[in-house]
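Protein chains in written order, with this note's numbering: chain X, 1 to 338; chain B, 1 to 338; chain F, 1 to 338; chain H, 1 to 338.
Just so you know, these hints were derived from the structure itself, not from any lab. Treat the hints with care, since some could be wrong.
[Unchecked claim] Listed below are the simulated DSS-like cross-link pairs for lysine-lysine, each with C-alpha atoms no more than 30 Å apart in a straight line:
| no. | chain 1 | residue 1 | chain 2 | residue 2 |
| --- | --- | --- | --- | --- |
| 1 | H | LYS19 | X | LYS38 |
| 2 | H | LYS44 | F | LYS193 |
| 3 | F | LYS38 | B | LYS7 |
| 4 | X | LYS38 | X | LYS19 |
| 5 | F | LYS193 | B | LYS6 |
| 6 | F | LYS20 | B | LYS38 |
There are 4 protein chains.
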Amino acid sequence: MIVVLKKNISGRQLEALRKKLNAKSVDGAPVLLREGEKILLSEKDVRLADEISGWPGVERVLTEQPPYSLASRASHPSDTVVPVGKVNIGGGRFVMIAGPCAVESEEQIRRIARKVADAGADILRAGAFKPRTSPYSFQGLGAEGLRMLVEAGRDCGLPVVSEITEISCLELFRDVDMIQVGARNMQNFELLKELGRCGKPILLKRSPASTLTELLLAAEYILSGGNGKVVLCERGIRTFETECRNTFDVTAIPLLKEMSHLPVLADPSHATGRAALVRPVALSAAVSGADGLMIEVHDAPEWAESDGAQALTPTEFGALKTAVGGVLPFAVDKEAEA
Amino acid sequence: MIVVLKKNISGRQLEALRKKLNAKSVDGAPVLLREGEKILLSEKDVRLADEISGWPGVERVLTEQPPYSLASRASHPSDTVVPVGKVNIGGGRFVMIAGPCAVESEEQIRRIARKVADAGADILRAGAFKPRTSPYSFQGLGAEGLRMLVEAGRDCGLPVVSEITEISCLELFRDVDMIQVGARNMQNFELLKELGRCGKPILLKRSPASTLTELLLAAEYILSGGNGKVVLCERGIRTFETECRNTFDVTAIPLLKEMSHLPVLADPSHATGRAALVRPVALSAAVSGADGLMIEVHDAPEWAESDGAQALTPTEFGALKTAVGGVLPFAVDKEAEA
Amino acid sequence: MIVVLKKNISGRQLEALRKKLNAKSVDGAPVLLREGEKILLSEKDVRLADEISGWPGVERVLTEQPPYSLASRASHPSDTVVPVGKVNIGGGRFVMIAGPCAVESEEQIRRIARKVADAGADILRAGAFKPRTSPYSFQGLGAEGLRMLVEAGRDCGLPVVSEITEISCLELFRDVDMIQVGARNMQNFELLKELGRCGKPILLKRSPASTLTELLLAAEYILSGGNGKVVLCERGIRTFETECRNTFDVTAIPLLKEMSHLPVLADPSHATGRAALVRPVALSAAVSGADGLMIEVHDAPEWAESDGAQALTPTEFGALKTAVGGVLPFAVDKEAEA
Amino acid sequence: MIVVLKKNISGRQLEALRKKLNAKSVDGAPVLLREGEKILLSEKDVRLADEISGWPGVERVLTEQPPYSLASRASHPSDTVVPVGKVNIGGGRFVMIAGPCAVESEEQIRRIARKVADAGADILRAGAFKPRTSPYSFQGLGAEGLRMLVEAGRDCGLPVVSEITEISCLELFRDVDMIQVGARNMQNFELLKELGRCGKPILLKRSPASTLTELLLAAEYILSGGNGKVVLCERGIRTFETECRNTFDVTAIPLLKEMSHLPVLADPSHATGRAALVRPVALSAAVSGADGLMIEVHDAPEWAESDGAQALTPTEFGALKTAVGGVLPFAVDKEAEA
């Protein structure tokens, strides 16, 4: 690891820098490569890179390994497989997660669960705690909704995933098979630390404003807490283009597969916000090497309490699953990415 | 409020739409302006705008009032003044908040508190719970740090502000005069709801990826909970430019003053990440109508545990305060903005 | 078309507004819907929308038709087919454009042209005039390069496309089958006007910073000049993500097919800047409804004068063509988009 | 200059790399620092950095000097002063450029020229060739408009600046004192090369999508052509925020002053698109170390053919000039930036 120093670094800054490095280096003292130019550190100190780069007199830090050591492909060359109930995510099989944006009633989630199961979904999704931009929008059914989701999943034999928005709710997720961290909480570090201590699989969605490195550093919070069951999810980033809700970053999929060993899903429903765009974006993710899709499905979109405009009908979802099956054989192979 | 319908809206969608509007409108039934074209709703339904715009068949929703009714200037034409201890934020006086990025030790915060007080700070700032991108960076001293900050403030007679990262910590902030919600938690809605129930002044920082409307909707969560003591803070947004950490959005200041009655501060330290850029950006905020500044100050930046590169020395802070005093008389007046 | 007025519009502004509208409206006088609120204009005036929205007192302009009337799907429901030599772009067949970034020598372009033709390319591409960010980078062989390209194309029986960077070079493109407008010239309006007067097919690339509406308005410059042979090309937009050169906007493809009748290609090579990412992004474009691909191919990438890092070998290009053939049957159909 | 190689660089790539470096290095052969890791090049080769960074096997290129050698502060420590007629831009004095967006008529430009001269403008601005997003918007009076501007300037004793959009128009600018390159043409490299050969002062505006490095590389095109009279101008960048037209990047001003020796102006009118925001943004630029402002002024904004909404009245312009005079003494000094 090389610390490139500013041309105009002062003797005082350099001295302070070396003192701090001596104190923090986990692997022997730093070596000053050339007077006032570069400092060589052990790669074992890579975890300090982020911090050091902010120190006075430091131009930039060059590391051979990325700062997210546990999440990096380098630290773990083979693909990680995350088991969710009877379903495995990663390692070759393509997983379809489907369900309504939100649990609206016992009857609604039961009915839709059955339909997505029949249409070939592997995992059931639905929100009980809804983070909404406006305090006046539907906020979800909470604990009750979570219970309805779990029972609906049990009835149709599908594991379930739902979003957590607050640490104190964690115990309510006892019977939920996979816990989703929404885009807005991707950098809610206290929540990530807590999830690092719980044994459940975590579906970590990329914030619309975070780089891939930041996403992997968020995953690192969970991994370094001892929970290795992390699945990443691309769901569109915020750009200047306003024609649809977000810009789906399809390239993020092969990049994440190259940077990390964690499984990568895509959520075309939130990325686009429009049902008509879900299919092309979903197929794009499939041919780009994604390990699965998360699709919003509602049997009466017009009546959905939230995000109805982006939901597929069970029939459309079935047709999508068939199309995915058709394109998967041509999906980019790991070698091609390397 | 006008709901503009999609050209190709189906009869079924239109029927569903009218049913839902009838059910939700707080002020009488909706009126269909022209067959399959526009629906007129009472302005009292403005809180539904966000939700309705997502419904099938809806092109866009035109409102004469913004969706953040409580935070809007329209709802409250005069400037709001938020008292923090003996200090008032908003309504004419310019406030300087200063202190280190983080509490590092009893001695450090005591020493710096004294120096910023002597240099003319109105409020003392320092972090005890630090949200850091990497799990391997310094995370703060926690509860102990908070205690040290409160005592340091008391000793030098300054009210204190510190960042909260998790609801369960709320009671620890008992003696803190103002609670800061960091950029990463701006859309941590459960936290915002909780702060809406506590009586303390809240410093709400704009997320680097949020629009001004989203910032005001986040403020609306706190206001609608019954807590009217909200102060906004611009701290730079994320753009394609990488020359410095964030792009300080100076125009956000006059825009926020026009859109809302809440006080607006600026944080040049986090926006730029470089001490040399703090002064020009701080003066820009002052001449643009900001109600105050939040400046990171450290008496030994080289030794700062975090963000040393962006900290001013107490002397530089004093010089900045003098310069601010010089430019304020020329700051844009409310009329000019309107 | 509806002109929504500002709440605080002055009588003077309203008067001026009506005078100007009376003067400019191509279809009868404007009608004031409600005092100080909205003005109704004939849809025939849609071309004024952009201009009017900038006028004082105007909040926004609502049009049922977009400002790019000639490029819009509404004005021309069926897909446009653009003939380039013996090849048709649009209307169902999928086109592969391939070749090196730049013509480097008579021998190089001849050799690569033969190889891409054998690998199944439909059109040959190569730059003779290279717009480069740095004045110290290779600028291309100019007129001589153009001649070499034309001859290489003739020899292997492929029509050729090359980029124009300056009006005065237009006559040099006499024997070039299709003229490319690069991303940096997408809003070089004088050039667009000139190309509107020449009869040749134009390949118009989206600027990394332009919205889809701006791209279609740029196309409108060419179409309104009398040249209907315009092909659009998505090549990645500029965002905050720096992991690869640009963010390929895959959703732009179905959106453009919905907004316009013009054919849409994708350029994964420039979007990603990395050979390993070309295949996944290319397949994404194919399943999203693109009418073809533009791929950089070089038989010795290490020796390429420019952009070698993003070039596929002829063998890799052949494999890509096969994969594209495999996924195309599952590509989204026009109905699904509508 | 250090070329950092990819970990997985192949022997073939490394060989090719060394061959190319040997061929291109202007200062002796490259030195391979550590097998398969880094190559050391003379700083004299800095102009190759941009190109080399694109070569296969190259991770990144580290240069002690930036790629824009002529524009860099390092190459020319003292501020450059650009004379425009009798007015000097840069080197301490603050310059006010003012005038209407476009020349609309002989009478209009004459009248407004007189008013801005009386209000204290140093240079007169107005467009004759208008690059407009829509082909249906007012395109300017062309050559005739240019003549009217020149005469109006002569009559009131002010040098004039106007925008060029096409090389072939260059001769028409014979009597224009300063030629403006608009944001959309910032990377119209053929135009930049031509302007590098003409002796006139150039006002180079930053593209809303370009980094500061790209802006300085565009300036490098003009400087390397032999024309040292380049003035830079910040006019807002494109971001996700839609509350006003562009996001004015105030930090760009101190950054550009640090990176380069060229004068830096700001254009608050185009950045914001709203008259009410021009004053705060203009004052921000002044306190941030800008060398001057470019302000749109119209005496009847309601009647302006283009961009009336962003124009100040001559009276407002006069008031702004006074305010600028008040804040300038507190503007950041060169030392503070260094």
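Hint-by-hint comparison with the structure:
1. Among the hinted pairs, H/LYS19 with X/LYS38 is consistent with the structure: their alpha-carbon atoms are about 28 Å apart, no more than 30 Å.
2. Under the criterion of a C-alpha separation no larger than 30 Å, the hint pairing H/LYS44 with F/LYS193 is inconsistent with the structure, at around 42 Å.
3. A threshold of 30 Å between alpha carbons decides the hint, and for F/LYS38 with B/LYS7 the separation of about 20 Å falls inside it, so the pair holds.
4. Taking the CA atoms of X/LYS38 and X/LYS19, the gap is about 15 Å. The hint holds against a cut of 30 Å.
5. Proposed proximity of F/LYS193 and B/LYS6 is contradicted: the alpha carbons are some 34 Å apart, above 30 Å.
6. Between F/LYS20 and B/LYS38 the alpha-carbon distance is near 27 Å, which keeps this suggested pair within the 30 Å criterion.
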